[in-house]
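Trainee: Model the full structure from these sequences, guided by the hints.
According to the numbering used here, the sequence shown holds residues 65 to 197 in order.
For the record, the hints were derived by calculation from the structure and aren't laboratory data. All C-beta atoms, glycine included, are put in the ideal place defined by N, C-alpha and C. Don't take each hint at face value.
[Unchecked claim] Distance ranges between label pairs, derived from CB positions: (1) Thr125 with Ser191: 30 to 38 Å; (2) Asn163 with Ser112: 34 to 42 Å; (3) Asp94 with Asn163: 15 to 23 Å; (4) Ser191 with Asp94: 40 to 48 Å; (5) Tyr91 with Asp120: 31 to 39 Å; (6) Phe155 with Asn135: 18 to 26 Å; (7) Pro173 with Cys140: 18 to 26 Å; (8) Ser177 with Ala122: 15 to 23 Å; (9) Asp94 with Ala184: 37 to 45 Å.
[To be verified] List of simulated lysine to aspartate or glutamate pairs, DMTMM-like, C-alpha gap at most 25 Å: (10) Lys188 with Asp102; (11) Lys142 with Asp181; (12) Lys188 with Asp120; (13) Lys142 with Asp120; (14) Lys142 with Glu108; (15) Lys179 with Glu108.
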Amino acid sequence: MKENLIKPYCYCGESENSLVDNAIFVYFSDEYRRVLLDEILWVEASGSYCVIYMEDGAEITVSYPLDRVFNNDLPCSKFKRIHRSYAINLFKVTGFAGNYVHIGKKMLPVSESHKKDFQACFHKIYSKRALGK
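Mentor: Here it is in structure tokens:
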């Protein structure tokens, strides 16, 4: 079953309504259901649809392309585009090397066109917590 996406009322913590600061809503079985942004691992393009992969193993298919979801519905402070087919939750990354990002046991490709931007963003977030190299 496909769901429709409703964008959150805020981006990057600028909402007056704290109940939706960290959520989007999907239309499912004749009702809107709240999906917490912190529980999204990554979003993958699938033609004119995209699939949202959740921490609990759920896969939510929405009837919008990745460009629309990434540009309009996911806050830039938490999500980064790494490939034409993938956007990730930066706070769910468990490692990266070369052209791949690890989120748990899943390896997602990082395209050359997104690599520098991703690495800069990642290092900005984690530079004070990284050891080694």
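Trainee: Which earlier hints turn out false for this structure, listed by number in ascending order?
Mentor: 2, 3, 5, 8, 12
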